[in-house]
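2 protein chains.
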Amino acid sequence: MTKYVYLFKEGNAGMKDLLGGKGANLAEMTGLGLPVPRGFTVTTEACTRYYKDGRIIADDIVAQIEKALEATEEMVGKKLGDQANPFLVSVRSGAKVSMPGMMDTVLNLGLNDTVVEGLAKLTGNPRFAYDSYRRFVQMFSDVVMGIEKSKFERLLDNMKEEKGVHIDTELTADDMKEVLRKFKALYKKEKGEDFPQDPKKQLMESIKAVFRSWDNERAIIYRRLNDIPGDIGTAVNIQEMVYGNMGEDSGTGVAFTRNPSTGEKKLMGEFLMNAQGEDVVAGIRTPQEIDKLKETNPAVYAQFMEIAEKLESHYHDMQDIEFTIEKGKLFMLQTRNGKRTANAALKIAVDLVREGVLTKEEAIMKVDPRQLDALLHPTFAPSMLKDARPIASGLPASPGAATGQVYFTADDAANAFEDGVRNIILVRLETSPEDIEGMHVSQGILTARGGMTSHAAVVARGMGTCCVSGCGELKINEEEKFFTVGGHRFEEGSWISLDGSTGKVYGSKLPTIDPEVTGDFAEFISWADEIRTLKVRTNADTPQDSATAVKFGAEGIGLCRTEHMFFEADRIRAFRKMILAETLEQREAALAEIEPLQRKDFEAIFKVMKGFPVTIRFLDPPLHEFLPKEKEDIEELAAEMKIPVSQLEAKISDLHEQNPMLGHRGCRLAVTYPEIAIMQTKAVIKAALNVNKEGDTVVPEIMIPLVGDLVEFKYVKNLVVTTADEMIAASGDDLKYMVGTMIEIPRAALTADEIATEAEFFSFGTNDLTQMTYGLSRDDAGKFLDDYYAKKIYESDPFARLDRKGVGSLVKTAVRLGRETRPEIKLGICGEHGGDPSSIEFCYQAGLNYVSCSPYRVPIARLAAAQSVIKNR
Amino acid sequence: MTKYVYLFKEGNAGMKDLLGGKGANLAEMTGLGLPVPRGFTVTTEACTRYYKDGRIIADDIVAQIEKALEATEEMVGKKLGDQANPFLVSVRSGAKVSMPGMMDTVLNLGLNDTVVEGLAKLTGNPRFAYDSYRRFVQMFSDVVMGIEKSKFERLLDNMKEEKGVHIDTELTADDMKEVLRKFKALYKKEKGEDFPQDPKKQLMESIKAVFRSWDNERAIIYRRLNDIPGDIGTAVNIQEMVYGNMGEDSGTGVAFTRNPSTGEKKLMGEFLMNAQGEDVVAGIRTPQEIDKLKETNPAVYAQFMEIAEKLESHYHDMQDIEFTIEKGKLFMLQTRNGKRTANAALKIAVDLVREGVLTKEEAIMKVDPRQLDALLHPTFAPSMLKDARPIASGLPASPGAATGQVYFTADDAANAFEDGVRNIILVRLETSPEDIEGMHVSQGILTARGGMTSHAAVVARGMGTCCVSGCGELKINEEEKFFTVGGHRFEEGSWISLDGSTGKVYGSKLPTIDPEVTGDFAEFISWADEIRTLKVRTNADTPQDSATAVKFGAEGIGLCRTEHMFFEADRIRAFRKMILAETLEQREAALAEIEPLQRKDFEAIFKVMKGFPVTIRFLDPPLHEFLPKEKEDIEELAAEMKIPVSQLEAKISDLHEQNPMLGHRGCRLAVTYPEIAIMQTKAVIKAALNVNKEGDTVVPEIMIPLVGDLVEFKYVKNLVVTTADEMIAASGDDLKYMVGTMIEIPRAALTADEIATEAEFFSFGTNDLTQMTYGLSRDDAGKFLDDYYAKKIYESDPFARLDRKGVGSLVKTAVRLGRETRPEIKLGICGEHGGDPSSIEFCYQAGLNYVSCSPYRVPIARLAAAQSVIKNR
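Chains A and B, in that order, are what the protein sequence lines are. Here the numbering used here is used: the first residue of the first sequence is 4, the next is one more, and so on. Here the numbering used here is used: the first residue of the second sequence is 4, the next is one more, and so on.
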C-alpha cells in the first residue's frame, strides 16, 4: 500500500518531491535533534490522488492521517479535542518548490466550544484562549469555507469601536467571547449550519482546503511565472501549535544566516516578543534586530546561533529560518535555503567555495541563472521605490529600469534626441520595424499592445533596452500626443519611469543605478565556463551590440539580422526604390547603392568579432514591411520618390498579405529576386576579404532563412556560392565561408536529412518554429493566451520556454536526421529561447553545439549551460 | 557497363521506364513482326546521366549510340552520309508518360550538301530532296541551335511572293534550292559558322537538344499540371525516315481502334495521300475518313485493319495509331493507348470487360479518376467553343461551365436572383465568407486574385459551382461595377461564360450541356466499390450538398462546417450581437437565438444522411470574419445594432489580427467563449434526439478544430460531454455520440498519442496542416509559387497534391501514435486533398479509414480508392 503520510521523524531533506520543501526540512531538523514542534506530513502524492479521485480524500489516506495523528498525540501527550489537555495544530501547505503566500494555512485547529474553555483553564489566560479560537474561526471560515475574511474583520472593528479601543490586544477576554459569538453567528448565517465542533472534521476539511489551494488562480500564475510544473501538487504539514504570544517570555522571529542583500557572512534577522507570526506581518509593532535577543535572552540566543550555524553547514547554503519562543523554550518552525539578491547569491556562492563548504560545481548549482539578469541592467534604487506608486502595470518585456520624457512617435523621439534630449521613453500602441531608429535613441519603450514576444519586446531585449509591453490600461492618443491612465494625463515631454523587470510604470522621474559587475561575478562565471560544453553566441546586428556581447563573454554571433541594415536612413530610400522597381535593371541599380553600405556594416562587425564565427542571416521580412502604412507617410514617400501616390498605393496593395508570417519572406524573396541574395553575398564576401587583408581570419557563415525544402535551399545556395567563388577567385586571396540554413519551418525539420546534404550548418529559429508548430501567431496570441493560463491549458508561454513535447521533438528529429547525413554539421539555436535556462538545458540534451541569445543574456546562458552539464550527468 | 542504347528489336512494352512510351511500343511492335521503320532508342537513364554530367553526353554513351547506328545501317542497308545510298533518320523524344507536343523532334536528319544530291538522284525527285533538306535545316536550326523559326518562314514567304505563288508545293526544285541557299546563309549569319555537314555531329547535337527539351518551360508546366515527376527524363528514338509524300501511292494517317469521343467499337481515323504528318497538322488539305482507304488501296487497308485489331487485343486497350504509306508499303510509326473522353473511357472499359478482354480490376486501372470530373459538371458544347475566343484566362479553380450575367457584389447577385435573374456570374477581386449568399445563387464565380485554394476556389468546389480564380488580366472596378480586359469593358448585366475546367473566360453567352451519368458509369463505379477498402465521405454543410453527395455515393459526412450556419441572413445579426456583447449574459442571449436555427440545419442534414455518420466541426474562423470591413458597411451595421460607429470600429480594431490563420480561431474560440461550444453542442444533440425519435439512428461525431494540445482538447471536450450527457439524461432517450478532433496543427500530429487518450477520432485537416508544415499561407502563396514552379523548386502545388515527405510524415506519425494509444481510433482526412487521387493513394497507404471530399469529387475518390488497393498489392 502506498504510504501517504509520514511522521516528521520518518522523513528527511532528500524527500522534497514527496514531502514538499517545508515538510522535508521539518523532518530533517527533527532528525538532527533540533527542537521542532511534532507533527506529520501528508504527501504530494496524496494531493495528486485527491485531484485524480475527483477532489476527495480517499478512505485509505484518511486512515493513514488518523494513524499519524494518534502517533503524534502520543508523542505530545495531548489529544485533539480533549478539553482537559487539548492538542492544537497548524495545517500548512508545502510544495516541492517554495511558493510563498500562494497557498493556504489554518492555525489553532482543534479548538471548539468546550476545548476553548479547557485551554483557558490550562493556560490561565482566557483572553488568549478566546482570541485563538476566534482567529481559528475566522481563518477556517475564510480558507476552508470561502467566507470573505473582510466580513469577520468588520465585526472585529465594530467591537473595537464599541469599546472605544484601537488595537486588538486592548480587547478583554469577555470582548473576545462576544466577538467569537458574532463570528459563529456570521458563520451560521453564511453556511446555514453551526461552526463545526468535531476537530477531526476540522482537520480533514482543512487538508482538503490546502489541496484545493494548489489550484487557486494566484498559485497558477505564480507557477507559470516561475516555471513550476502544475501537476506535482503540494504536501500538507500538520504540526503541534506553539505560541509566541503567551507573555513576555514568548516571541517569534525570522533570521538569515547571511545577509540576503549583500551576501555578507553575518547572521541577520529580527524578532518580536509576545507575538505571533501574523503580528510581525501586520507591522503594528516594530520588530527588533536579532542581536537584541542576546541581551534579553542570552540562553535562547546562544542556542539559536548554534542551531543556525549547524543548519547552514548541514545544508551547505545560507538558511532562512523561522522560530518561536514559547515561555522561554525555543522551537524551530522552518528552515530553507534563503532567497537573496543576485549580488548576494554570487558572493555567497563564491564565499562558500572559499570556505571549503562547496565545490565549484555545487556553487554553480546554487545560483538561478535568471537572477543574473538583474545584474546586467540599470535598476531603481530601492529607497526611491518606497514612496513611488505605479500608475499602471504591463508585461516585464525587457528588464532594467528607465526614466525619461515621453514621445509618441519614433520620429519625435529621434528629433528630440537630435535636439539634445537624452532621457527618452517611447510610448506607442505597438511598434513596427519602421520605429527602429526611435527605439534606438530611447532609454525605455512602453507599449499598450503586444505580448512578451511582440516586436517591441523582442527588439528591446535585443538592444538591452528596458521595455514594458501590453500595458492595456494606458489610453494612448498617438495623434494628439498624450496618454491617460487612472484619470491622469501625460503629454509629450512628461517624465515617467519604467521597470522592465516588474512591468511597473511610474508617473514621475526616478533615479536609476547603473549595473555593477563585481569581481565575484567574473570569478563565478569563469567556473561555469570550465564546465559547460555548449558554446554561447549572441544575436547582434550592430558593432555596438557585438561589442557588448563580447564583453559579456559571447563566443561568436549566432544571428546577425540584416534587415535592420536596410532600415537605416541612408539606405531605406534605395531599398524602397528596389521594391518599386519595374525591371531587373532598376532593381539591381538600387541594390548596388546599398551594397557598399552593408559591406561597411559587416566590416565593422567582423572587426569587433575578431576570431569568432559570425552567422549572417539574409533578408527575412516581407517587402511590405519596408513601405509606409499611413496615408500621410505614403504621400510623403511618393513625393520623395517622384511617383504618383496611386502608383505607390497600388504597389502597397499588391504587396499586402493576409498572413505575412506565412507569406513572401525569407528565402522566398531570394527565389523571386535572386539579385537581393547576390547583393548580400557580395557585401559579406567583400567585407570578409577586406578585413582578412588586415590579418584577421573571418569565416562568415551565410544563413538562408525560412527554408522548407532541399531544392529551395539549393537554389539560393547556388546563387551565393557562384557569386562568392567568383569574387574570391578574382581577389586572389583565400577565404573560407559556410552556407547553412535556419530550421524554422516544420517541414525543414522533417526533411533535415535531405537539407543537410547541402547545408553546412543548421540554426534552429525556434520563434518561428514554435509559431508554426503550434499554429500560433506571436503577434496575436497575447489576446487569448491569458485564457489558456487561467484555464490551466498552458502552464508556460511557449515563446518564452521551449515546448519540449512538440517543438522539441521536431528539433530532435532535425538533429538526428541532420547528423545522419552530415555527422560534422554545426547545430545551434538562435530563437528567443537561446537565452532561457530551461530551453538551454533542452538544447544541451538535444546535442546542439551552441546557443545564441541577446547580448544581455550571454552570462545567463553561460551559467545555464554549465548547470545543464551538471544536472544531466 | 550500363546499357544506354537499345535496338527496337531488343526492347518490349514492359520497358517504358527505360525506353519511354514511344520507344517501348516501337520495340513491342517490332517484336510482333509489324512493319516498323528500323531504329533504336537512347534510354531515359542516358537523359538523367546527361544532366548529372553537366549537360554533356558521356563518351561511353556516344560509343553505344554509334554502335547501334551501325547495326541499324546494316539492317537497312544504307549509311548515314552515304551519297549513293543515304540513310535518313528522325530523332524524336519519348518520355515514360506521353507529353504530346511538349518536347522536340528533328526530321530528315542525315542530309547535307552532297547527300541531298544523292537523294535527288535516287528518288528521281529533286524537288522532294531539296524540300526535305530545307525542312531539315529549318528544324535543326530552330530545335537544336535556337534560331527563331519565324526567320526561316519569312524567307520562304518572300520566295513565294517573289514567285507569285501561294503554297509551298507550287515552288519548283530550283526555287527550293534558292530557299535552301538563303536558309544556310541565315544560319551562318546567326551562328558565325556553316551549317554542319557531318551527319554524326547533326545526330549527336539533335539528341542533346531532345534531352534539353525535357527541361523547357512548357514541359515543366505540363508535368506540374499532369502530376509527372521531373526527374525521370526522356528517351530519344532514332528511326529510319519513311515518306508519305513520295507520290499518290504514298500517304500518312492516324487512327483510333474505337471512337475516342463515344467509346463506340468502330475503327475511326483519317489519312491524307501524298503528305507528311506536318501537312496533316497544317490543315491545308482536308484528310479523308479511314474507310476511304478501302476503296483506294484495299490491300493496305486490309493489312492496317488486321494490325489495328492485333494491337488492341495485344495491349488490351483502345489504341491510337500513326502510320505512313511509302510507295504502297505500310509502316507503323507509333501506337499507344488512346486518349479519350470520360464517357468513352467508361464505355471502353465496360465493353472490354464484357468482351472478356479485361478483368474488372484491369478495367478499373484504365480510367484516370481525374477524368470523371468532366462527367459531373455542365460543359460547353464543343461545337460552340470552335468560334469562341477567350477574353482572358485564369486558374481552373472549380470545374464545369457556366454562362450568365455579371454582378460585382454578393448583395447585387442576391438581389438579381430575387428579381428573377437565373444566370448569374459573380465577379469579385476576391471573395470572403460574407459573400457566401451571393456565391450560392451564382452559376459561376470569377475572381481576379487568389489561387487554387483561395476562398472562392474552395467554397466553389464545395458547392460544385464553376469557378475561375486568379484571373489577373481583369481590371475590376467593384465600386463602379465594371471590369475591363483587353480593351473591352463589361458592365453589370453583361453576359460572359466561364470554363472552370480550363480557366478560360469568354465574353459572350455560350450554351452549356448538363452532365449525363450513363448506365456504364454506374456499373463501372460499382466495381470500384467492390475493391476499395477506404470509405468515401463528403464535405457538405447543407442538406442540398449532402443530398448531392449521397447521390454520388458518399457514405457519410466527413466535414460539416458550421460557420456557414452563422452567416445566413437570419442569424448573422444574432451572431454579431454575440461578438459585440460586453457580458457573458448578453453573449448567451444572442447565442440562444441562433441555437434553434442551427438545430434545424442539423436536423435537415441528419435526415438526408439517414444511417450515415456525420462529422460536425465546431466554429472555426476568427470572429473578425463575421464583421464588415468597409466603412459603409460598418456604418450600416452600427445603425442596425443601434451602437455608435466608434464602438463598432473599436471592436473591429480590437479583433484585428496580424496573422489570422495563426490567430484566435478554432478551439481557441471555445476556450475564450465556452458558451459558443455549449450552444453548438445543444443544437447538435437536440437535433439528433429529435431525428432519432422518428426512427433514425444518427450518431453525431463532434469535431473540435485547431487542437494542438491534449489539455486544450480535454477542456473543450469536457464542455461538450457535460452539456450533451445532461441533455441526453433529461430526454430519457438513448443517444450515442463521439467527440474527436481535427489534426491540422503540426503539434497535434506530434503529440497524437496524448490527444488520442481523449479523442475518439482524428480527421486530418491537410489544408491547414500543409500551411503550417510549410509555413505557407494559401491566400498569399499564389503570388510567388509561380517562381517556384518556373525555377523547378516545386513540382506540384502542395495544397492540391499532398506532400508525402513533410506533411505526409506528420500524418503517418499521427496515425502511428494515435493507434498506439487507441487501436480502434477512426481516422480520416477532410482537407482538399481528400478528392485528389494521388493524395487518396497516400491516405490508403497511411492506413486511414476514410477520405472526405466535396460532393462532386465523391465518384473520383471511389475510383481512386479502388486503384490504390490494386496498385499497392
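These are calculated hints, taken from the structure and not from any lab test. For each residue, glycine too, the CB sits at the ideal point set by N, CA and C. Fair warning: there could be bad hints in the mix.
List time: in silico DMTMM-like cross-link candidates among lysine to aspartate or glutamate, alpha-carbon distance up to 25 Å [claimed, not checked]: (1) B:Lys794 to A:Glu482; (2) B:Lys634 to A:Asp728; (3) A:Lys717 to B:Glu533; (4) B:Lys554 to B:Glu533; (5) B:Lys795 to A:Glu482; (6) B:Lys478 to A:Asp657.
If the Cβ cut is set under 8 Å, some of the chain B residues that face chain A in the computed set are [what the hints assert, rightly or not]: (7) His667; (8) Leu753; (9) Gly778; (10) Leu813; (11) Lys815.
Pair hint outcome, Lys794 (chain B) versus Glu482 (chain A) [Cα-Cα no greater than 25 Å]: It is violated: about 47 Å lies between the C-alpha atoms, which goes past 25 Å.
Hint check: 8 Å Cβ-Cβ cutoff, Lys815 (chain B) to chain A: Status violated, d = 11 Å.
Restraint satisfaction for Leu813 (chain B) [CB to CB of chain A, less than 8 Å]: 7 Å, holds
Hint validity - Gly778 (chain B) Cβ closer than 8 Å to any chain A Cβ: Hint on Gly778 (chain B): holds, closest Cβ of chain A at ~4 Å, below 8 Å.
His667 (chain B) as an interface hint toward chain A, with CB separation required under 8 Å: 5 Å, holds
Straight-line alpha-carbon gap Lys634 (chain B) to Asp728 (chain A), limit 25 Å: Given pair Lys634 (chain B), Asp728 (chain A) is violated - Cα atoms ~55 Å apart, limit 25 Å.
Given hint Glu533 (chain B) paired with Lys554 (chain B) - CA-CA distance at most 25 Å: Measuring from Cα to Cα gives roughly 18 Å; hence the hint holds.
Cut-off 8 Å, beta-carbon criterion: hint that Leu753 (chain B) touches chain A: Hint holds; Leu753 (chain B) Cβ to chain A Cβ min 5 Å, cut 8 Å.
Hint consistency between Lys478 (chain B) and Asp657 (chain A) [alpha-carbon to alpha-carbon, up to 25 Å]: The given pair, whose Cα atoms are some 13 Å apart, holds under the 25 Å limit.
Agreement of Lys795 (chain B) and Glu482 (chain A) with the hint, judged by alpha carbon distance not exceeding 25 Å: 49 Å, violated
Lys717 (chain A) paired with Glu533 (chain B) [C-alpha distance capped at 25 Å]: 46 Å, violated
Taken one by one, the earlier hints fail for this structure at numbers 1, 2, 3, 5 and 11, listed in ascending order.
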